[in-house]
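Q: The residues making up each chain are set out below.
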Amino acid sequence: SQTIHQWPATLVQPVGSPLSLECTVEGTSNPNLYWYRQAAGRGLQLLFYSVGIGQISSEVPQNLSASRPQDRQFILSSKKLLLSDSGFYLCAWRTGMNQETQYFGPGTRLLVL
Amino acid sequence: KQEVTQIPAALSVPEGENLVLNCSFTDSAIYNLQWFRQDPGKGLTSLLLIQSSQREQTSGRLNASLDKSSGRSTLYIAASQPGDSATYLCAVQPGGQNFVFGPGTRLSVLP
Numbered sequence: 005s006q007t008i009h010q011w012p013a014t015l016v017q018p019v020g021s022p023l024s025l026e027c028t029v030e031g032t033s034n035p036n037l038y039w040y041r042q043a044a045g046r047g048l049q050l051l052f053y054s055v056g057i058g059q060i061s062s063e064v065p066q067n068l069s070a071s072r073p074q075d076r077q078f079i080l081s082s083k084k085l086l087l088s089d090s091g092f093y094l095c096a097w098r099t100g101m102n103q104e105t106q107y108f109g110p111g112t113r114l115l116v117l
Numbered sequence: 085k086q087e088v089t090q091i092p093a094a095l096s097v098p099e100g101e102n103l104v105l106n107c108s109f110t111d112s113a114i115y116n117l118q119w120f121r122q123d124p125g126k127g128l129t130s131l132l133l134i135q136s137s138q139r140e141q142t143s144g145r146l147n148a149s150l151d152k153s154s155g156r157s158t159l160y161i162a163a164s165q166p167g168d169s170a171t172y173l174c175a176v177q178p179g180g181q182n183f184v185f186g187p188g189t190r191l192s193v194l195p
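Keeping their order, the protein sequence lines are chains A and B. For the first sequence, the positions run 5 to 117 when my numbering is used. For the second sequence, the positions run 85 to 195 when my numbering is used.
Bear in mind the hints are in silico, worked out from the structure with no lab data behind them. Among the hints, erroneous ones may be present.
[As the list claims (entries may be wrong)] Below are the BS3-like pairs computed for lysine-lysine, each with C-alpha atoms no more than 30 Å apart in a straight line: (1) 126(B) with 84(A); (2) 126(B) with 83(A); (3) 85(B) with 126(B); (4) 85(B) with 152(B).
The structure displayed is predicted, hence computed values, not measured ones.
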């Protein structure tokens, strides 16, 4: 069966510090991978998605970047965090673009102080 | 641009009641619609996926319907239980594109 992991679970970082969040998927190959952010009291905002190794699409301009160094690994990064980067970050995967369920990881709660 | 809204934003009901959560979307050209559940501080769990050719899906006490022409979906929960307390999110997939999520309905089922 497929599983999706995210770490760390919780992170507190000062403004201006770098960020690296990792997501890995097990039990499937060549998944589409997604990074979402969920701010307090707001819906999910799609940040990045990837349909293959090294292929990254950005949905909104921002202070963050994403990379996919391996088929089942998706990394969210920042060189200098802003206060507005605080939120709940969710990684998700699905096997294809259409007619398929999307599966979510447990999330990383980031607090930038 | 596809927009998804959910009504109500929050709902509190006594245990045992049947309830309906609503989801509306602005563009009826969708591939599918999915309902998720999110417990506080946790990821999303898929409940039901309705493909564009379907009108409803059922899983246990849950029934989701889809009316593409009116841009609406409902999630019906029968005989609600305290364990059903969570935020329920609706997401639609426009043709060949990524999911667009609604803001969610926060449900509290009181014992």
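Q: Residue 85(B) and residue 126(B): Cα distance at most 30 Å?
A: 29 Å, holds
Q: Residue 126(B) and residue 83(A) were given as a pair; does the straight-line alpha-carbon distance stay at or below 30 Å?
A: 26 Å, holds
Q: For the pair supplied as a hint, residue 85(B) and residue 152(B), is the alpha-carbon distance within the 30 Å limit?
A: Status holds; Cα separation ~16 Å.
Q: Quickly compare the C-alpha distance for residue 126(B) and residue 84(A) to 30 Å and report which way the hint goes.
A: Holds. Residue 126(B) to residue 84(A) sits at ~26 Å (cutoff 30 Å).
Hint compliance for this structure: no hint is broken.
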